[in-house]
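Asker: Protein chains in written order, with my numbering: chain A, 297 to 445; chain B, 297 to 445.
Read the hints as simulated data drawn from the structure, not as lab findings.
Here the structure is a predicted model, which is why all the values come from computation and not from measurement.
There could be a bad hint or two in this list.
When chains are identical, the list treats them as one kind, so a pair holds in a single copy or across two.
What the hints assert, rightly or not - Cut-off 30 Å, straight-line C-alpha distance, at most; resulting in silico cross-link-like pairs (DSS-like, lysine-lysine):
| no. | residue 1 | residue 2 |
| --- | --- | --- |
| 1 | K365 | K424 |
| 2 | K445 | K390 |
| 3 | K445 | K424 |
| 4 | K424 | K441 |
There are 2 protein chains.
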Amino acid sequence: MEIERKWLIDAFPEGLTPCEEKVTYSWYVSTTPVVRLRHSRGRYILTFKGEGHLSREEIESEIPENFAKEIIRFVGKEPIVKTMKVYDLEGGLKLECSAVDDTFMYAEVEFDSEDEANAFAAPSYLGKEVTYDPQMKMNNYWKQKNGIK
Amino acid sequence: MEIERKWLIDAFPEGLTPCEEKVTYSWYVSTTPVVRLRHSRGRYILTFKGEGHLSREEIESEIPENFAKEIIRFVGKEPIVKTMKVYDLEGGLKLECSAVDDTFMYAEVEFDSEDEANAFAAPSYLGKEVTYDPQMKMNNYWKQKNGIK
């Protein structure tokens, strides 16, 4: 189970030093349920995500490059390109900020429980919370981007 | 690309000796496009299938058992159980006959080209051809079986 909250942001947080930076390329084989292939740093990860907002079932596995390349050809669409920067927060939490296709930015924090998620006080540099906004799910952005109904 | 024709049958062909017999268990993660996990003889195969009738794009790869078991739990539904018997036909073709969940039976022959497929003269023990019948696609049977709209 993946438990996370999501906020819009205008920029990467100033004055914080990322503990990790990467660019990811994502292709959606299916959007209901989500079947996503993500390529980053030479690895290919296949992910299945269930329904939900704050909590969603999520399973994933690395797959071999040759199978991944067949999937990319099968999807036949340009990937979503994300620049991600990850920051350490207090209490062992990680803040993951993403710039999506140079189109918009959002931030996510993942939690161990819904209680912990609901108790989290969002720092002031986080904008509007969109945890429960279906339009802000990346599978819906994929559909918009590719004109899929 | 997978090129195959499909027919209904009432029984496994009499007087023919199968060159292969197996039981397969299939779970559909997604039906549009088809994302299918199949378990048979200790192996787990993940398959992606495109649209189409006579010809369909199809890619597949074996995946590790632990990831497969997570996918089965993710799908959360009973598999389609097929008893399959494969027979050698003339010209190197294979006839694959399947009994599905003790509900119905069908036969398939796979070809190297659409020309070869169209030129094939179906043996008399094959019933109605359903190559172009969407209701006879296994992803639609999966939806019917599980009450998915």
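Asker: Give a verdict on every hint.
Answerer: Here is how each hint holds up against the structure:
Neither within a single protomer nor between protomers do K365 and K424 lie at most 30 Å apart by alpha-carbon distance, with minima of 37 Å and 38 Å respectively. Taking CA atoms no more than 30 Å apart as the test, K445 paired with K390 passes in neither setting, with 34 Å inside one copy and 39 Å between copies. In the homo-oligomer, the alpha carbons of K445 and K424 lie at most 30 Å apart inside one protomer (26 Å), although the nearest pairing across protomers, at 35 Å, exceeds that limit. Within a single copy, K424 and K441 get their C-alpha atoms as close as 22 Å, which meets the 30 Å cut-off; across copies the closest is 42 Å, which misses it.
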